[in-house]
Amino acid sequence: DQQVKQNSPSLSVQEGRISILNCDYTNSMFDYFLWYKKYPAEGPTFLISISSIKDKNEDGRFTVFLNKSAKHLSLHIVPSQPGDSAVYFCAALRNSGYALNFGKGTSLLVTP
Amino acid sequence: DTGVSQDPRHKITKRGQNVTFRCDPISEHNRLYWYRQTLGQGPEFLTYFQNEAQLEKSRLLSDRFSAERPKGSFSTLEIQRTEQGDSAMYLCASSLGQVPYNEQFFGPGTRLTVL
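Protein chains in written order, with my numbering: chain A, 1279 to 1390; chain B, 11 to 125.
In short, the hints are calculated from the structure, not lab data.
These figures come from a predicted structure and were not determined experimentally.
Check before you lean on any hint, since a few could be wrong.
Only some residues are given here: those of chain B computed to face chain A with a beta carbon under 8 Å [stated by the list, open to error]:
1) GLY50
2) GLN51
3) PRO53
4) PHE55
5) TYR58
6) PRO80
7) GLU113
8) PRO118
Note that beta-carbon positions come from the ideal geometry of N, C-alpha and C, so glycine has one too.
With the hints as constraints, model all of the structure from the sequences given.
Below, the structure written as structure tokens:
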């Protein structure tokens, strides 16, 4: 069963605007969350992460928000740029676990 | 290039044949992972090595699959008697193990097509 869910397969945003990608999880044992970006013909590239003891982590244009009670996290990209066009995967990790549990991904298209 | 490398990048084989993929992790990384990604899905965990020891295997890893990491350096993933359902992107990742959570760095993947 899918323990990490990304319910929006695709998202289109204009350059300069905010992109918000959402992710929900069902396993309360997850305590570390990561976002990966993937371009065609390349492997996923780590973007940003957040521990369950925090509710926000920021790195440049990228901010991840975590709502533990709702089992929901989101990735905000501000401002969006055409080079951000890629598939974004949400992933979760259990305490002392090794296996990343991925969502199905959201394809982001940033148009000029 | 000091990233994770995988070889070959593409493999086309006939059903029933055996295939082997290689992964070279980032040199100082002691942890190595294999994932499989099919169309429209996120990567799914297959197996994990810490140094040369295989510590975890997913139930996705049937007995036709075997992975090794001799001497704790590169790793190989072999699929015996391939089936059409094995067609997927096979991703290798590596990480440092000194702290509880370390990002996993992924290679470009090996795309397997079973005819």
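Hint check:
The interface hint given for GLY50/B is met, as the beta carbon of that residue sits about 7 Å from the closest beta carbon of chain A, less than 8 Å. With a least beta-carbon distance of about 6 Å to chain A, the hint placing GLN51/B at the interface is held under the 8 Å criterion. Proximity of PRO53/B to chain A holds as hinted, the smallest CB-CB distance being about 5 Å (cut-off 8 Å). For PHE55/B, the suggested interface contact is upheld, since its CB lies about 4 Å from the closest CB of chain A, less than 8 Å.
A distance limit of 8 Å between C-beta atoms decides the matter here; for TYR58/B the minimum to chain A is near 5 Å, and the interface restraint holds. This hint is violated: PRO80/B has a C-beta 20 Å from the nearest C-beta of chain A, more than the 8 Å allowed. Look at GLU113/B: its Cβ gets to within about 4 Å of chain A, closer than 8 Å, so that hint holds up. With a cut of 8 Å, the hint placing PRO118/B at the interface with chain A holds, because the nearest CB-to-CB distance is about 5 Å.
The structure fails to meet hint 6 from the earlier list, while all remaining hints are met.
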